[in-house]
Amino acid sequence: MFIRNAWYASAWGHELTDNGMLPRKILGTSLLFFRKSDGEVKVLRDRCSHRFAPLSLGRREGDCVRCMYHGLVFDGDGKCVEEPGRKGVSPNTDVPSYPAVERHKLVWVWMGDADKADPDLIPDCHQHESPEWASIPRTAHFKANYLLVLDNLLDFSHLSYVHENSLGGSKTIAETRPKVEQTNKGVKLTRWYLGEPGFAPYLKGYERFTGPVDRWNIYDLSTRSNHFSMSSGSAPANTGAPEGKLAPETMVFHSNQLITPEDENNTHYFWTYAHNFALENSELTQALAERISAGFQEDRDMIEAQQLVVNESGDDKMAFILADNGLTLGRRLIEAELAAEAAEQGR
Amino acid sequence: MFIRNAWYASAWGHELTDNGMLPRKILGTSLLFFRKSDGEVKVLRDRCSHRFAPLSLGRREGDCVRCMYHGLVFDGDGKCVEEPGRKGVSPNTDVPSYPAVERHKLVWVWMGDADKADPDLIPDCHQHESPEWASIPRTAHFKANYLLVLDNLLDFSHLSYVHENSLGGSKTIAETRPKVEQTNKGVKLTRWYLGEPGFAPYLKGYERFTGPVDRWNIYDLSTRSNHFSMSSGSAPANTGAPEGKLAPETMVFHSNQLITPEDENNTHYFWTYAHNFALENSELTQALAERISAGFQEDRDMIEAQQLVVNESGDDKMAFILADNGLTLGRRLIEAELAAEAAEQGR
Amino acid sequence: MFIRNAWYASAWGHELTDNGMLPRKILGTSLLFFRKSDGEVKVLRDRCSHRFAPLSLGRREGDCVRCMYHGLVFDGDGKCVEEPGRKGVSPNTDVPSYPAVERHKLVWVWMGDADKADPDLIPDCHQHESPEWASIPRTAHFKANYLLVLDNLLDFSHLSYVHENSLGGSKTIAETRPKVEQTNKGVKLTRWYLGEPGFAPYLKGYERFTGPVDRWNIYDLSTRSNHFSMSSGSAPANTGAPEGKLAPETMVFHSNQLITPEDENNTHYFWTYAHNFALENSELTQALAERISAGFQEDRDMIEAQQLVVNESGDDKMAFILADNGLTLGRRLIEAELAAEAAEQGR
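Protein chains in written order, with the working numbering: chain A, 1 to 347; chain B, 1 to 347; chain C, 1 to 347.
Please keep in mind that the hints were generated in silico from the structure rather than gathered at the bench. Fair warning: this is a prediction, and the values are worked out from it, not measured in the lab. Everything hinted at is true.
Identical chains share a label here; the pair holds if one copy fits it or two copies do between them.
In silico DSS-like pairs for lysine-lysine, Cα to Cα no more than 30 Å straight-line: (1) K171 x K87; (2) K317 x K171; (3) K87 x K36; (4) K204 x K188.
So that you can see chain A by itself, here it is in the shape it has in the complex (with noise of 0.2 Å):
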């Protein structure tokens, strides 16, 4: 079950070369995307609709694509424009079209009902673009359902375990409670850790003070969309970074993740980590995209192992503790989401 009426990012747009095409599965749906002459990104369903052969397997034609099995040539909007050997086209031969819109660097498809497609209701990452932050956009991918990835998310506790010794390396991450508050999008977490005795390993050798750190984490998931979006930083104890003072030693990053399901099993994962200092060293914003990727693969480790785990343990339930206000609220908006969707439909 998946929420279809938000964007979900898809691809990066330099994904998307002049002539080519690119499938990808979302939402348990094959997809093909690619981009007109004029830059704009169509989206189609990557399925003849005569013999359901791929589209990706077709060839780019100006801004349409041929179904390279029987001949047939579809144009951006799914609209079959030609049938060979005949004047006009057979009825019922358009393949289904999705809003898609590039915006961040991203694109973003729609699934849902399409009147509803509003580009207003796309999250926010303007950082990919700014000039005042730096980062590279970065993909994974995890065999795994989204909801165990986004369960992560929602319970920092496991960068003291998990991520000992890249993303984390304190145990006072797991054992301060975060503020967990419901905004309009979802939920939003605040985690401050005052005093600690050094930077995250994954800093070391871009560290920009010594002495103790004040560490935050600060973010929104929002359950349309799957958007993790996150404000971080490590300043200088003791001057007053909690009351919103950041000393001009201080790091600051922003992280924006998109958690966006390729089918029941399979979760796609794009996500940028830019910081605000420094804007000219690319090699520290190329370490940085190598650290935490390699955090993210000890994620992904542990999240593909735990999903065989739930894949033998039916109907059993997980026990609840203090640390998962969190993803108990994010479950429990996801499913209402999911409930006013099938209401919606008469499912």
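For this one, chain A is given, so just place chains B and C on it according to the hints.
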């Protein structure tokens, strides 16, 4: 669902060596093929009656097969003729055998009602042994249901696209509507493309004349046995080929293709592509086998990709186009035969 | 379906290193084995109570295991003893533990009603630690249901065929009808082959005498625990071995084999093949382990192939032959125990 009362090509005769055994699954059932000392081909279920060990892990002993698990011996008719440690054999120890005939270099098996296994129903592939034709026996395997393979053969418009640079080489093929006729065995398609600027790409280097070409494909597809029997050729344009007058430099081919279901998801493909000119030119014979084989790999790539899309398409309906009259007729005939067999079995 | 109220061999003691953890699936359930600092073996479900992460991805901390997802700590009895960020622990956070005993170099686990886990029921494998016997612990794995493995052991006629050139070496084995007796634990089979021309092939190079041989296999198969306990040997013919009079050059062996279901489709196989002569000859001990292992690979090849055929055979019935009295009795006893356990559980 498979038509059972039909002869299915299941092996090339040369695959059955003197003391060997060939295991192969046909219509979802694992079979064992072997050749007796008098040359006769025998086909048994590849399953010992006792504990279901595969007989193909057994040992030929003369014209019999010994199961190498507990030692039971079966003759070529599946009769259990030895049970170690007793005189005679226990009841119900025979294994099923299937009528089999070797003809035209192929081994044909009948998996329906044995009383109906009339060898006169075996498809005509005499070209395999005729001194007037030269060809090389070949086998392919598709990870797809056999009906998708038949569909492919029943609409040659795909030659223009799947085989653009191999077997096709002309948009005319897709733009030409073939004559489609129902025969007493299945479907007959006739397609002429007159005055084409050149030969199909797969004939490159072996052309026997220059100038424009009249090309044709005329074939029967038998919906019992799934035998595709095609005459095709290239004649100098305007020399009377469509009226049956073949100029001496005309290049005539005959292809037999036998589409045998392995199971619901896999298909065996036995084929030849014979020429009746330049018979002494074994390089040509070999080149045709290699080039047609490359063309069939193009089909395989498309059909296997199509099968994956079909698998995720549930009950979604394919669209019909004008070119579908051949495959629609073929599918209809097969469904009628399946229904007739089911009715007869009281299924 | 598995008999649950039984001790199952699940690991060799040497697999449990001081600070290590061993994940292994038994009867379809993923378990975690580890050894406390006092040497005691503990077995937990390999699944954190919280979010079902595998504990085997966790970390030993003294005699406890920390889940490395969110940091919960469990003691050797599965009790949750630490939940990061709170005093005490949340309710229902313990994980299941299973009675376990290390005896005769093997780790035995009980997955049924813990109240019935009487260590006196552990099968006798004292030869593994006796100064009178020499053997090497070995493990195999079969991709097959355990019942097919038991069938194999309950009919030694397969030695003549599966093991023609290894453990068997004589048609007499298949032609000799064993004595089959029901015992209080299962089935006992006794098989003598008198005056055989030579030894079994696996003893080549280690024969202790020349001339004809009286061979025997006498074994109990316990249908709880699936313990196969076999005495076998080769004595000079006509020296009284069948009456229990063993000439000094007689070669006597004892094999323990423990057949433990991993799940419905896979089986663990723990075994030894001990000799009680030439104890100082470690080359012999090693050779026996290697040669018997090669023989068991022959079984594995046959049984895994048989399983594939069984999988495609639906409800088809196997035929009974005279040699089946042992396996028929064994199967009947197992079915009765399964039915008794089901009745007790009100299933």
